[in-house]
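Peer 1: Listed in order, the protein sequences are those of chains A and B. Just so it is clear: in the first sequence, position 136 is 136 by my numbering, and no numbers are missing. Just so it is clear: in the second sequence, position 77 is 332 by my numbering, and no numbers are missing.
If you are wondering where the hints come from, they were derived from the structure by calculation, not from laboratory data. Among the clues, some could well be false.
Pairs of lysine-lysine, DSSO-like flavour, derived with a Cα cap of 30 angstroms [what the hints assert, rightly or not]:
#1 A:188 - B:320
#2 A:188 - B:331
#3 B:486 - A:90
#4 B:394 - B:404
#5 A:104 - A:76
#6 A:231 - B:394
#7 A:90 - A:56
#8 B:486 - A:188
#9 A:231 - A:149
#10 A:76 - A:150
#11 A:188 - B:311
#12 B:443 - A:76
#13 A:139 - A:65
#14 A:56 - B:443
#15 A:139 - A:56
#16 B:443 - A:104
#17 B:344 - B:311
#18 B:320 - B:359
#19 A:89 - A:65
#20 B:404 - B:344
#21 A:231 - B:486
Sample of chain A residues lacking proximity to chain B, with all beta carbon distances greater than 10 angstroms (derived) [as the list claims (entries may be wrong)]:
#22 18
#23 53
#24 65
#25 70
#26 71
#27 75
#28 210
#29 244
Here a beta-carbon is modelled for each residue, glycine too, at the ideal position from N, C-alpha and C.
Number of protein chains: 2
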Amino acid sequence: MDLLIKALDNFPEIWAGDSISDIIFRVSQENDWIWQNEDVVVIAQKIISKSENRYKNLTDIKPGKLALQYSETVDKDPRLIELILSESKKVLRTRNGLMIVQHKLGFVCANAGIDHSNVIMKDGNNENWVLLLPEEPDKSARLIQEELKKLTNVRLGILIIDSHGRAWRNGVVGTTIGISQVPGVVDKRGDFDRYGYKLRITEIGAADELAAAASLMMGQADEGRPVVLAKGFPYHLRNSETQELIRSESDDLFR
Amino acid sequence: MDLLIKALDNFPEIWAGDSISDIIFRVSQENDWIWQNEDVVVIAQKIISKSENRYKNLTDIKPGKLALQYSETVDKDPRLIELILSESKKVLRTRNGLMIVQHKLGFVCANAGIDHSNVIMKDGNNENWVLLLPEEPDKSARLIQEELKKLTNVRLGILIIDSHGRAWRNGVVGTTIGISQVPGVVDKRGDFDRYGYKLRITEIGAADELAAAASLMMGQADEGRPVVLAKGFPYHLRNSETQELIRSESDDLFR
């Protein structure tokens with residue numbers, strides 16, 4: 001069984017209003033990709049946010065009382081802290097320069113996923129501009145899924161991913177924040193092992209495993225490879241949502 | 256840029272004393288694999304443990320006082336709890352049927368990685384037998400690396416992986432527990448983005464991203480695909496150790 005992960009070369013810079021699906025389709029053709037049913041398209045969050053114009057300029061932000069309070073202990077611009085708080089349900093931990101939050105979208109991540117690197121405006125300005133996560137990444141994924149289905153005539157899965165830090169381990173890994181048609185979690189409960197014993201392992205984070213694989217080929221710095229195509233994902237596509245991957249607070253032993 | 260992840264078909268059952276490297280080499284030939292420099296071999300922990308005879312029979316284990324104490328709140332055989340404690344540095348959390356520990360090897364995992372599924376003895380018996388993690392997985396990986404280098408005449412990387420649960424998210428993902436020559440963490444600190452800005456993201460958990468990709472193709476149940484070969488890993492091989500991937504307790508906000 002083979003899994004092929006292809007990072008698309010020569011992906012253009014994305015601007016507010018661009019059609020991500022049109023551009024993916026065009027660049028996939030330039031990369032000689034043969035679309036097949038159940039291929040998965042993995043997209044870096046950043047280009048979705050850019051196309052959806054999720055830019056904020058810090059000069060427009062007025063930090064509130066809570067943000068100013070955090071800024072005394074967290075080494076961050078109070079205006080950025082204000083934005084982080086406005087994108088979050090709950091602050092879980094803080095440390096110098098780092099706020100681990102539960103994002104409004106449900107998942108736990110650093111600094112509410114707000115990003116400054118690789119953010120630039122058309123006039124070449126990047127001072128004070130930051131980029132929020134897509135407002136509804138599952139909806140963004142679904143839209144791209146439908147548009148690409150029309151363009152390619154095959155049924156695809158879509159993942160929108162970001163690089164997340166982890167408890168206990170060093171290094172960020174690609175992690176699902178938006179999904180369409182890719183199973184988030186594959187449930188093996190009730191399955192048996194080769195000798196008829198119940199399985200120890202019950203739920204596989206399949207979408208996150210693919211997110212990690214794709215992230216490996218996107219790189220993080222100046223590579224400019226925000227879209228990865230995957231062939232051979234070993235589970236059938238189905239309706240899905242990112243929520244599957246998010247452990248509820250009551251089930252979580254580490255919040 | 257392409258990453259190819261190939262799960263080897265028809266991998267045989269592994270018994271204590273088997274040479275994993277000989278078997279991988281033979282099965283890779285049967286799978287028509289062309290070995291190239293910087294290919295990575297990803298191996299499920301379980302077959303390493305089996306080859307190293309890391310079986311324990313619960314009937315040989317006498318639970319101590321602490322294990323008996325835990326058994327009052329954790330729904331587990333006290334003899335298994337005794338084994339988990341003996342394999343661990345520290346118990347972080349417990350819940351019905353689950354002990355999250357810092358393993359003696361440094362990483363955090365459930366039940367000290369002790370496994371019952373897919374464990375069987377040559378006489379067909381699997382009652383009461385469990386399997387511990389390899390005693391020194393980095394050493395196991397290094398040995399296999401050296402042996403496979405002789406057999407293939409190319410320089411390879413080796414990962415030994417297990418499926419680990421995560422804080423905050425549902426579903427297990429493939430995670431590195433032993434390593435040779437694959438960079439554990441790729442350090443991007445000091446790198447710049449495409450517009451000359453310092454990167455937000457500083458350390459990539461590259462080995463764990465590959466571990467997740469490989470795990471996706473191994474499956475968890477009765478598939479019997481414990482070895483995955485990878486071509487196109489995007490970072491150069493170097494000396495490495497699993498320790499790179501383990502966050503120190505003092506740096507960890509979630510213990």
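Peer 1: Any of the earlier hints contradicted here, and which numbers?
Peer 2: Hints 1, 3, 6, 10, 13, 20, 28 and 29 are the ones this structure does not satisfy, whereas the remaining hints hold.
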